[in-house]
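*Asks:* Sequence:
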Amino acid sequence: MFEIVGHSKIKIFSLKQVEDLLPLVYRVTEEYSKDVKYLMACVDAMPDKNSSRCLEIQDEINDHIQKWQNKIERLGGKPKGLWLADFDNGDGYFCWKFPETQIKYHHGYQDGFTGRRLLDNSVENNLIDKNTTKSDTNDHENSPSSN
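Residues 71 to 217 in the numbering used here are what the sequence shown spells out, letter by letter.
The reader is advised that the hints may include incorrect statements.
Here are the in silico distance ranges between beta carbons for each label pair [claimed, not checked]:
#, residue 1, residue 2, range
1, Leu125, Tyr179, 35 to 43 Å
2, Asn120, Glu89, 41 to 49 Å
3, Pro169, Ala111, 17 to 25 Å
4, Glu101, Gly178, 28 to 36 Å
5, Asp114, Pro169, 18 to 26 Å
6, Lys119, Gly185, 18 to 26 Å
7, Gly185, Asn140, 24 to 32 Å
8, Asp161, Leu94, 38 to 46 Å
Derived by calculation from the structure, the hints in this document are not laboratory data.
Just so it is clear, CB atoms sit at the ideal spot from N, CA and C, and this is done for glycine as well.
When you get a sec, could you build the whole thing from the sequences and use the hints?
*Replies:* What follows is the structure, encoded as structure tokens:
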């Protein structure tokens, strides 16, 4: 069962926790990205980009993106761009972008997507060891998921 994180609480993830959560994050993102891609194709096909129907579809696109962001936040992630999410590891973030199927990247708190680096064994082991105790101590603050 996954946890829903309150907006005022910060979830610190171990690599294993993010890897366990990733299939759900992937499915949610895939669903919203397909819907948005379809709606964007509809907008592109419209001759009058200022028509009321075109503007309604654009609002629908924005609504889908906002709903995706809200779901990622409830799972403890930080949406950082379109289909891009960071997961706090206590030293920075695990960085994921759709359609990646694994957590392969991380970056510091001050770095963005362009500063992300491949996880290597030494970084993975350090984050696994360090976050095992951190995540154990802050899990009690989070409520159970009601997905």
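*Asks:* Now look at each hint and say whether the structure bears it out.
*Replies:* Hint check results:
1. Leu125 with Tyr179: 35 to 43 Å: holds, 38 Å
2. Asn120 with Glu89: 41 to 49 Å: holds, 45 Å
3. Pro169 with Ala111: 17 to 25 Å: For Ala111 against Pro169, whose Cβ atoms are near 18 Å apart, the range 17 to 25 Å holds.
4. Glu101 with Gly178: 28 to 36 Å: holds, 31 Å
5. Asp114 with Pro169: 18 to 26 Å: holds, 21 Å
6. Lys119 with Gly185: 18 to 26 Å: The hinted range 18 to 26 Å is violated for Lys119 and Gly185, with Cβ atoms some 36 Å apart.
7. Gly185 with Asn140: 24 to 32 Å: holds, 26 Å
8. Asp161 with Leu94: 38 to 46 Å: Distance hint for Asp161, Leu94 is violated at roughly 24 Å.
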